[in-house]
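There are 2 protein chains.
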Amino acid sequence: MVDKLISHINGICLLNGEEIEIVKELVREKDVPRKHFVHRAGEIAQYSAFILEGCLRSYTIDQNGFEHILQFAPENWWISDMYSFVKQTPSELNIDALLDSKVLILSRDCQLRIFDRIPKLERYFRVLTENALASSNHRTLDYLSLPAKVRYQKFCDLYPTLINTLPQKQIASYIGITPEFLSKLRGERS
Amino acid sequence: MVDKLISHINGICLLNGEEIEIVKELVREKDVPRKHFVHRAGEIAQYSAFILEGCLRSYTIDQNGFEHILQFAPENWWISDMYSFVKQTPSELNIDALLDSKVLILSRDCQLRIFDRIPKLERYFRVLTENALASSNHRTLDYLSLPAKVRYQKFCDLYPTLINTLPQKQIASYIGITPEFLSKLRGERS
DNA sequence: CTTATTTCTTAACCTATATTAAGAAATCGA
DNA sequence: TCGATTTCTTAATATAGGTTAAGAAATAAG
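One line per chain: the protein sequences are A and B, in this order. Going by the UniProt record's numbering, the first residue of the first sequence is number 1, and it counts up by one from there. Going by the UniProt record's numbering, the first residue of the second sequence is number 1, and it counts up by one from there.
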């Protein structure tokens with residue numbers, strides 16, 4: 001199963017046999033059944049997870065008890081609380097599985113050590129992080145400039161897979177509206 | 001003036017004399033008077049800019065002609081259209097100076113070549129990008145979960161310098177409200 | 001210093017989205 | 001398979017924040 005990660009890395013920078021072995025040693029496979037957590041708010045994020053199967057999400061719970069989804073992570077995505085993972089401070093995010101899932105976990109320690117042994121992996125994570133930042137910027141601009149309906153349409157275009165596998169209320173939470181309002185938007189003609 | 005960049009890099013990973021020389025060669029100093037552009041929507045982002053003095057911003061203009069600010073970049077920050085810079089596709093952002101400014105510019109070409117010659121700089125940019133992503137995530141969650149007034153208060157706490165140097169309308173644009181509404185919030189007691 | 005331009009404030013009115021509630025549909029768990 | 005739980009829909013009502021407009025204050029430019 002680790003092969004899935006290896007091919008993902010190879011899509012960005014080619015690893016030789018020795019390097020592949022090192023990666024295999026540092027990463028640990030883990031089953032995450034639906035609704036189980038990989039990380040809870042209040043803890044320091046020790047791990048970043050690469051999704052082999054299924055789908056996880058990260059989210060906060062606000063003062064009124066409402067969930068707000070920061071990220072969905074389907075197959076071949078990484079998920080973590082970047083802030084807590086990088087700064088090693090207590091996190092405000094929860095990360096759990098929306099579907100029965102299988103992931104690889106990598107600790108921050110291992111990641112930093114791996115960067116010294118295999119500089120190519122520093123490149124791999126630099127590229128991933130650049131892409132994530134570019135997407136995040138796009139999302140920010142969408143909030144600033146587009147009404148909910150258009151944000152929903154863009155979500156459908158961007159993540160067609162998720163539309164069919166996730167409950168609507170999760171999508172509403174991601175695009176920043178209530179499930180009731182999303183239902184209304186979907187009911188509208190045109 | 002390049003020394004300012006060198007000390008910023010040294011805050012993350014120490015460069016030796018030779019490496020410092022390489023950086024000095026690859027970067028170009030540029031004056032950017034207030035209201036002048038370093039980048040315009042529609043073009044491919046060739047450069048990333050490090051601010052030596054002053055303050056720049058990146059923003060889109062929506063269909064109705066309203067500006068929405070993605071980022072402020074005061075001294076010691078980098079600014080670019082990450083998406084266009086990384087993917088080398090036409091950009092939707094403008095970048096201009098809010099105050100008379102002085103910057104260093106680095107082309108994407110140079111940056112990629114520099115990564116091969118000085119892997120430490122790949123680390124430098126990885127760390128910067130991780131931090132930027134963590135902040136961007138925070139901002140996203142703030143939009144999802146907090147009312148405008150609280151977002152404004154957090155902005156004041158986070159960027160006290162900008163509060164005093166920038167017109168309020170720019171700040172309103174950054175936190176995602178109209179200048180009129182910000183004015184109203186500021187007028188409220190408590 | 002004086003005028004022109006930009007920014008800020010206030011207020012009346014408007015709209016996108018939230019809230020509450022309740023029943024219907026779908027999915028889950030035993 | 002069947003009851004329990006979760007999700008979805010609809011509709012009435014409420015509100016945060018937007019729009020428009022016009023004058024005041026501040027800042028820039030000549």
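Check each hint, because a few of them may be wrong.
What the hints assert, rightly or not - Only part of the chain B face toward chain A is listed, based on derived beta-carbon distances under 10 Å:
1. K24
2. R28
3. F66
4. W77
5. L93
6. D96
7. R123
8. H138
Simulated from the structure, these hints should not be mistaken for lab results. Because the structure is a prediction, the values reported are computed rather than measured. Glycine included, every Cβ here is placed at the ideal spot set by N, Cα and C.
Now the hints, each set against the structure:
Of the supplied interface hints, the one on K24 of chain B is violated, with its beta-carbon coming no nearer than about 23 Å to a beta-carbon of chain A, more than 10 Å. The closest approach between the C-beta of R28 of chain B and any C-beta of chain A is roughly 22 Å, which is over the 10 Å cut-off, so the hint fails. Hint on F66 of chain B holds. Least Cβ distance to chain A is approximately 7 Å, under the 10 Å limit. Of the supplied interface hints, the one on W77 of chain B is violated, with its beta-carbon coming no nearer than about 14 Å to a beta-carbon of chain A, more than 10 Å.
With 10 Å as the threshold, the beta carbon of L93 of chain B comes within range of chain A, its nearest partner Cβ sitting at about 8 Å, so the hint holds. Because the smallest distance between the Cβ of D96 of chain B and any Cβ of chain A comes to about 16 Å, over 10 Å, the interface hint for this residue is violated. Against a cut-off of 10 Å between C-beta atoms, the interface hint on R123 of chain B holds, since the closest Cβ of chain A lies about 6 Å away. Checking H138 of chain B against chain A: minimum C-beta separation of about 7 Å stays under 10 Å; hint holds.
Checked against the numbered hints above, the structure breaks hints 1, 2, 4 and 6 and satisfies the rest.
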